[in-house]
Amino acid sequence: MSRLFGIIHRDLRLALRQGSDSVMVVTFFVLTVVLFPFGIGPEANILERVSSGVLWVTALLASMLSLDRLFQADYEDGSLELLALTPTPLELLVLGKVTAHWLTTGLPLMVAAPVLAVLLNMNADGFVTLLLTMLLGTPTLSLIGAMGAALVLGARRGGVLLSLLVLPLYIPVLIFGVGAIDAAVQGLPVQSHLLILGGMLLAALALTPWATAAALRQALE
Amino acid sequence: MHRFANPARFLRLASAILPWSSALSALLISAGLYFALFHSPADYQQGETVRIMYVHVPSAWLAMACYSTMALSSAVALIWKHPLADLIAKAASPIGASFTFLCLVSGSLWGRPMWGTWWAWDARLTSMLILFFLYLGHMALINAFDDPSRGAKAAAILALTGFVNIPIIKFSVDWWNTLHQPASVSKFGMPSIDPAMLLPLLLMALGFTCFFVTMLLIRVRTEIIASKLRAIRMTQIHTAHVAVPVTE
Chain A
1 MSRLFGIIHR
11 DLRLALRQGS
21 DSVMVVTFFV
31 LTVVLFPFGI
41 GPEANILERV
51 SSGVLWVTAL
61 LASMLSLDRL
71 FQADYEDGSL
81 ELLALTPTPL
91 ELLVLGKVTA
101 HWLTTGLPLM
111 VAAPVLAVLL
121 NMNADGFVTL
131 LLTMLLGTPT
141 LSLIGAMGAA
151 LVLGARRGGV
161 LLSLLVLPLY
171 IPVLIFGVGA
181 IDAAVQGLPV
191 QSHLLILGGM
201 LLAALALTPW
211 ATAAALRQAL
221 E
Chain B
1001 MHRFANPARF
1011 LRLASAILPW
1021 SSALSALLIS
1031 AGLYFALFHS
1041 PADYQQGETV
1051 RIMYVHVPSA
1061 WLAMACYSTM
1071 ALSSAVALIW
1081 KHPLADLIAK
1091 AASPIGASFT
1101 FLCLVSGSLW
1111 GRPMWGTWWA
1121 WDARLTSMLI
1131 LFFLYLGHMA
1141 LINAFDDPSR
1151 GAKAAAILAL
1161 TGFVNIPIIK
1171 FSVDWWNTLH
1181 QPASVSKFGM
1191 PSIDPAMLLP
1201 LLLMALGFTC
1211 FFVTMLLIRV
1221 RTEIIASKLR
1231 AIRMTQIHTA
1241 HVAVPVTE
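Residue numbers (my numbering), protein chains in the order written: chain A, 1 to 221; chain B, 1001 to 1248.
Do not take every clue at face value.
As the list claims (entries may be wrong) - To give an idea of the interface, some chain B residues facing chain A are shown, with a C-beta separation under 8 Å as derived from the structure: (1) Val1076; (2) Ile1079; (3) Lys1081; (4) Phe1145; (5) Ile1157; (6) Leu1158.
Keep in mind that the hints were calculated from the coordinates and are not lab data.
Just so it is clear, CB atoms sit at the ideal spot from N, CA and C, and this is done for glycine as well.
Looking at chain A on its own, in the form it has when it is part of the complex (with noise of 0.2 Å):
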């Protein structure tokens, strides 16, 4: 346990240090959420209809942005090898790298959300829900997306090749955070939704790290 917490203090540290990768992140999320009312017109009605889809997406998208830094820094330096040379199971190693991932991009993109969607105009009554469902869904896309990053770790073109194999994999937290946001708001029970959601959450934490940890030893091979 201990060595969970080493590992995930490393990296928040070096991600202090090094500065700005979850200012950026939110940043990307701001102004793209921005482009939107630009893009399709700022009617109320129309902006607050699509403004559950539009944050889910760009989160999705902005979540994807700091994932090929997940391990790529310390392939590079040959951190990594070190890292998977020591007692600590690599499975344990990945999902401190997880978290840590997830608390500075994940927990950002969440206190980001209710700002812009009061910017576009959502309906009250989806807030609560939207924070939940980022909540439980954004661990999942670092879970899923650390195992593409790990795949990827010195392949040509690894940031496009990257987006190829994950972005399918993260439909399904898409459809159901939003299935939840707009059950809200119109007032129907919200619930099953969030189970789903939470199930995802369960069956990506209990089997990425396993795939994660495989491919990061291939990987280092």
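Given the coordinates of chain A, work out where chain B should sit on it, guided by the hints.
Just chain B now, with coordinates in the frame of chain A:
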């Protein structure tokens, strides 16, 4: 299974099977098409468009069977490190992508007169589209590395992860209230489909399977030959490299 991991034995087996499987697939597909187009009744609701189903349904089955083959051989490649299993996964993914594409296109052609739309964002259709993207990602990942064995391993992990999509496709029509109709052939008890329609469907499905086997064998054989050529070229380069200082 370990017996067939030997490329030489595989090549012998492949050249023994290939004439049979290609003849059988030509026979079955032409018989299936004959029954589908001339000797089966038009549906009482769908009219003549039901004949699209004889291409659509088998290609959907094969798209999933192909992914399962790919995932299985990826698992074998990761566990026992059989080089042949990597080649089978690599050979299967373009074939599977083609079947998925055929399934999506034929479904869309059928959907236009029947549902009044080319495409609907329904669970079955969307999960099939995700399958198509998974195939594309698999093909891209295999070719993304300078070292082919790394590409094969990374793609194997991706293929296994993407396998979660297969049960989702299969059960999407039961889990969600979809526009796409539920299963009518593969269910417990008697299939709810007229025998006159079942016959061409099964003929086409068997024909498509034989075609898949034929294509897979040809592609794997080509891969083996290509890797042999690569090895020969490498030794030539190596000997040429050694030979230069001698002639100087």
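Status of each hint after checking the structure:
no.	hint	in the structure
1	Val1076	violated (15 Å)
2	Ile1079	violated (11 Å)
3	Lys1081	violated (11 Å)
4	Phe1145	holds (5 Å)
5	Ile1157	holds (5 Å)
6	Leu1158	holds (6 Å)
This entry does not satisfy hints 1, 2, 3, going by the numbered hints stated previously.
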